[in-house]
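Colleague: So the protein sequences, as listed, match chains C and Z. Numbered by my numbering, the letters in the first sequence go through residues 1 to 505 in order. Numbered by my numbering, the letters in the second sequence go through residues 1 to 450 in order.
Just so you know, the hints here were simulated from the structure itself, not pulled from any lab data. Treat each hint with caution, since some may be false.
[Unchecked claim] 30 Å max Cα-Cα, derived DSS-like pairs, lysine-lysine:
hint, chain 1, residue 1, chain 2, residue 2
1, C, LYS496, Z, LYS314
2, C, LYS213, Z, LYS314
3, C, LYS213, C, LYS196
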Amino acid sequence: MSTLAETPQQRDRARTIFQKGAPGRRAFACPQPEVPDAGARELLPARMRRTEPPRLPEVSEPEIVRHYVGISKRNFDLDSGFYPLGSCTMKHNPRLHERVAALPGHSRLHPLQDPERAQGALELMWNLQGALAEISGLPHVSLQPSAGSHGELAGVLLTRAYHEARGELRHKVLTPDTAHGTNPATVTMAGFEVVKVATNPDGGVDVEDLRAKADADVACLMLTNPNTLGLFDPNITEIAEIVHGVGATLYYDGANLNAVMGLSRPGDMGFDIVHFNLHKSFTQPHGGGGPGSGPIAVSDRVAPFLPVPILTREPDGTFALEHDPADGPGSRSIGRLRGFQGNYGCFVRSYAYICSLGGDGLKEASETAVLNANYLLARLREQDVARYLPLAYGELCMHEFVLSGGPMKQALQIKTLDLAKRLLDFGFHPPTVYFPLLVDEALMVEPTETETKETLDAFADAIAEILREAAADPEIARGAPYTTPVRRLDEVAAAKRPVIRETIG
Amino acid sequence: MLETIGVGSAQEIFDRQIPAAVRLGRELELPDGQPEQDVYEHLRELAARNTSTEDELSFLGAGMYDHYVPALIDMLMERSEFLTPYTPYQPEISQGGLQVMFEYQTAISELTALPVANASVYEGPSAVAAAGYLAKLHNGGGRFVVSAGLHPHSIETLRTNAHGYGMEVVEVGLRDGVTDPDAWREAIDDETSAAIFAQPNFYGAVEDAEALSAAAKAAGGSSSSPVVIAQVDPITLGVLRPPGECGVDVAVGEGQALGNRLDFGGPSFGLFAAREEYLRRMPGRIAGETVDVDGRRGFVLTLQTREQHIRREKATSNICTAQALNALGGVVYLCWLGRRGIVELGELLLARTDYARETLAAIDGVEKLHDQPVIREFALRIGGDVAAVRRRCAEQGVNPGVDAHALSARAEDRGVLLVAITERRTRADIDRLADALAVAVAAERETVAV
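Here chain Z stands alone, though its shape is the one from the complex (with noise of 0.2 Å):
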């Protein structure tokens, strides 16, 4: 090889090319390479020191789920069609991939109701910030109005990101557990370029998603109304009014509920659908239809136009992939729920949430921290030290939740603890984390009476 590129060593390369003041002049300080079996044993050893949704009974929930992952999905995913080509370039042997984002972007825009929706985005909160993008390029509004039922990540991702482009983001806090309509009314005016609220909201509460829509609609005045946005969770859209119906502009959402494994956060995907005036604004790649030069159906990356290889620093954003795998883990998830198993799943979740809330409302020590409806999580108020009620109810082997405060860092979420249920936790399960939690409470509120 060196004879036919006419260089007598592998380093002349090197030496022609890199001048020597900025040649490493050493090996770098990383350990030897090891074999195959080795590196598994050292990552297995690493995995057995997680305490995982296998090894304890976990409510953990606050953005990402334990929902079960069917098997065809582990399957379809390391098949190497799917999980080794890079991004559709060359539509002619890359019909696979691109099927399956326009069959994504079926499935979310069903889910949704909402007319268009892209192949994909990074994950939850992130999406939400390339939602505030796009109102700002759709109207110029110099705000960014934001229900405190919002994620805290998504209001603090949000945040990073619209400092970038010098606008200024206005919490409006919640009521009864669910956005203070007056409140929002009175934050949102002709300079607000969107508004945003999620549905359900970071403590579990269905919001009036439709009430919201309309109040910043109105809010807004005539010449400039904002661009709704509501961070939805599309494993509750079976029973919950969808985004497109309740007056939502551009709906986005963490993806991770529909058949992605939790990976302790990442990678999963955001889903991103909108109404059609919103289309040409949108980020990420878009799958569309086509024909070949035989008339054969086929598919493309389309409206590239307003995407960053072409359109530079004028591009509609700077993302260049979707989450392409994840987004399939997504699709195949929906088809394997199907449009009655959708329903079926929203309805269980609506279900066992509710017992689950009055059940553990009904501990000593313990109530609900409001009387909204619920899906697949809820709030509770225990008096005392969450920290320290968790700890006890990890020593029991059960995990009851997350602390609210911890996330947020907001003083009216002290004492507050998340609980999520997915149908994988049964009634015994629920039952078990009760008679956990009850004795976690008694026993603390003994130690502070001591």
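Looking at chain C on its own, in the form it has when it is part of the complex (with noise of 0.2 Å):
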């Protein structure tokens, strides 16, 4: 198979921009200053001059066009194919919303415009707080965070400021060893110390550990309910007894809310701190990478330590940002965490899917992407995938499930990377690998509401061929993927002597 012929995009080499372009050229034409012409000179002492320009690129307008266009074609996206990344919801992102975020009176309004006259933008956060009060159970909502990880942040600081309100000095957090990456370093990140407890055999919360571990020094459980083995925890009111039997704040990570809208709600479940993830059950365009939301709803209990800001509704109907509040949500805030007011162009698209689903069209959602989860789930079986790549835990699955590589490994000597890379071939954005980290050569599936039957049968097809493939010859696993742009890349040599950025010159 390595000496197929290349495809076009592999002949067409990777340039930088810094490569390209020619001196002199350029794409942006100086407005005329139209003032006297006092010069830099003048106006800037000489220690506080740059002397040498940066060296930028000097290209033309169709050559910056044609080099991005032509380097976007070496990305797969979710417009192109199904991209079933476990944890990560990549449902569709209808473009009305970039339409309707794109409006001058929404990306045009400047962050610090007087309140009276941001009315429509403060109207759509009020709204919007609302519906995410509402979904998750919580009546107070900050939109500030900018991202889920932001989120968690918010969270477990608004955790020790509750603490330290009531004379408490509690220094750990537990964190099941299910959880993501993120939980972890930001316990760190708040000054607190991270206790794992243990997952039972059926995939939840192992209950004893957790009653072991729950003493006086906890302040917090961050918990993801259904957690990221795509399970729901069927011991949640029991844990939640447990935690606040000590006095501790249960916390709840969003990222897998896409599995319960309108069927469960985590602060019914004793939750008093949510973040949601904006850009994964509410459909912001991942971008790449950024940008995220992350708001988070609290309990009353929790409330007056939210982060200033506060949205306020005066009795004429009007709102108001309340910076210093006397009493209620935020009068003992933790303070702020970013600027201005949050991502609202992320709040404007998270709105706009809100109004176009409403509440039946958000339970639906969920129950669609359970139901697809299932779906593919069964159909994995059937095909006989499952002697190679059994369900981790469970039977049934919500939005998400975990099956485990360590058979197919065993049995075709293949990895689950090297699935993971053949199905690149196949026009498939594979699933997380390798997380959860306590599932051997774990393979996490998120196919979202929006896949439909067609596609879902299609990957199950492909994981199957792919396993018989293997059976015959697991070379052509290990050594994919072939058709795209590049082939496997040597990760540990760019770690090794990093280099992070072009050399000019």
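Both chains are sitting in their own frames, so use the hints and assemble them into the complex.
Modeller: Structure follows, in structure tokens:
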């Protein structure tokens, strides 16, 4: 297979924009200064002046367009194909959202515009907050955090403030061993110590282990439900009781909210703090790795500590931003987590999504996401795939499921990584691999609700075919991919001697 | 599908998994779904109730600026191939995004004259906090010393974060519009983890960055000198001496000015660049160059052993993503400006800002806050109520800028107006602002006198 002819994209060797252009070439025409020409020399003392211009490219507009359109074609994207990346919720991004976000009243609104002249934006935020409160079952919302990880940091800092206000200096935060890596990383950044809670044989929280570790030093338990195995924890009520019993808070990582919208609410499960990933459940496009948006919703007891500013509605129906509230939410605020009000452009898109779907539609989205995941799981079992890729835990799943590639590695001598790379040749984005850590050779599949039955069938067929192919010749998968712009890359060399910028001149 | 799954109904899938006690036994209380055109009308109507920079002559700034965004950026940022992928976990099919990151890192490194840059962080103020955390990991000091010239949002964000891991934030005041050099030197000692200032500062003034860096290094003592962090504005770096040439260790900043929309405050991106020795403590994604099995040049996410998904509680940050799409806008903008354009634009901003400051300061009842050099923004002291003066300007269709006190809540900022001058504000616009401000200040004086 490795002697295949190069694809057109492979023939086009990577050259950066810094290797293109010519001296004097340009795209930008600078406006006339129109004012008396004092010049940088007079206006800026020499010691504050740059002497050599930064070596930016010298390129024309057509060159810039060709360059970036050209390299864009070396990306796989959600609009081109199936993207069942577990825990990432790669659902369709409706183009309406881009259109409304680009309206000048939204996109060219300055963040420090007087609230009375930004009422449309504040009303949008108010409505979005209300919808997120209803979906989560927690009444107080801050839209400020910039991403899921940022929402987590907000949540753990809220927990710290909550305990400090009660005169308690707790220093431990519990996280299950199935947790997203952000959870323990956040705990450290917020000045706490991580204590891991074990997983029981059914894939849920080991309640006895939790009971043993939950003591008066525990500030919080961070949990994802359904968890990263795609399983809804049946003991959630008991877990909440244990955590609240020792005076700790219960934190909900909203990465998997797409499984339960309109079906079950974190607030009703006993959670105090939730973060949302607007770029997952509420279809803000992922942008190749950002932007995201990570609002939080909290219970009454945590509300006084929310980040400021707090969005308020006056008796006359107008909206305001309160920077120093005397009482209620934000009155004992942890402070600010970033500039301004958060990623408003993301709010516009997610609000448009919620308006489009409505309460019914959100519930239907979650139901279909779960149905699609279970159908794909069943199809993989049907195809004699389960022998090599058994379901790691459980029988049914919620919106995603985790397979173990352990038996495949044993029987067919190909690893989960090889399977993933071979899927690239079949035109699919592979599922999340090697996560969660407690599953051997994990493969985490999240199809989402916006995929058709035909797509799910085609994916299941591709997996089955790759396994058949590997049974005949494992080298094919081990050498994959063959048809992509580049083939397997040497990541070890990249990390050993990092080259992280272009050499110029 | 149900038959394949082996259940009688979709409901059964849920009944078998979600305990009855935590099932929502009702419909969500949200409005019904609407057809696309109705949602469009609703969102258009909300937009129409906002006064954007298209609707008034705006001199608002203080962290985000109404620079011109070239049309090609809209086109490139809306391409499916850039808009809709996830983080590039599969490099073989993500070379486009990874190469953009690599080019972006190169551009930021060039702008700042610092050797290493990451693929971006959330935005400006949280980038300052991220740099503070890097300093804490680097030297374990107990205190951050920050110039009061930092944007108030940056100081507040740093305080919020620092409280979590138990660090103190000490603020150093300004003198004549820039960081007081004596107070700066006195505040920094061998317990100082990082010394942080802004260039230009919140009041538009250009600081003597080299002197501040040198003083911080000297004051910190030989054994444990603090990490010198500068919050920079990338659009000024065609003319301002770059942080890498001023003794700065880590440069961070708000990237919005580079080809990103205002969007009422986000999303944008935060830039993050440093000296080589901080590379392995940097937060966020970093793209690196390598080769594939056939020897072709390619790019991957690298140095991932810093990151949360590998290192978990020992990670250098909890940050997962960059602001990849916004950083694309940033690097395309820098290519569009080009090597000469960024200098020309910087000179234009210097000249127009100076003209605006002189013109406005000539108004009776208005004076400069200080005489320091300024770029793209400056501060005026207005005798009287800034809020009232701003309202009177608004009646004339002019938004004269930001009430500094409303942002900082500092007593000394009462009566201070921050005026931002981008290349979109022509001389005629500035003259119109001068007329409006003169009328407003005079009217306000009359009211007070009566």
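Colleague: Could you run down the list of hints and mark each one as holding or not?
Modeller: Cross-check of the supplied hints:
| no. | hint | in the structure |
| --- | --- | --- |
| 1 | LYS496/C <-> LYS314/Z | holds, 20 Å |
| 2 | LYS213/C <-> LYS314/Z | holds, 21 Å |
| 3 | LYS213/C <-> LYS196/C | holds, 9 Å |
When the structure is compared with the earlier hints, no violation turns up for any of them.
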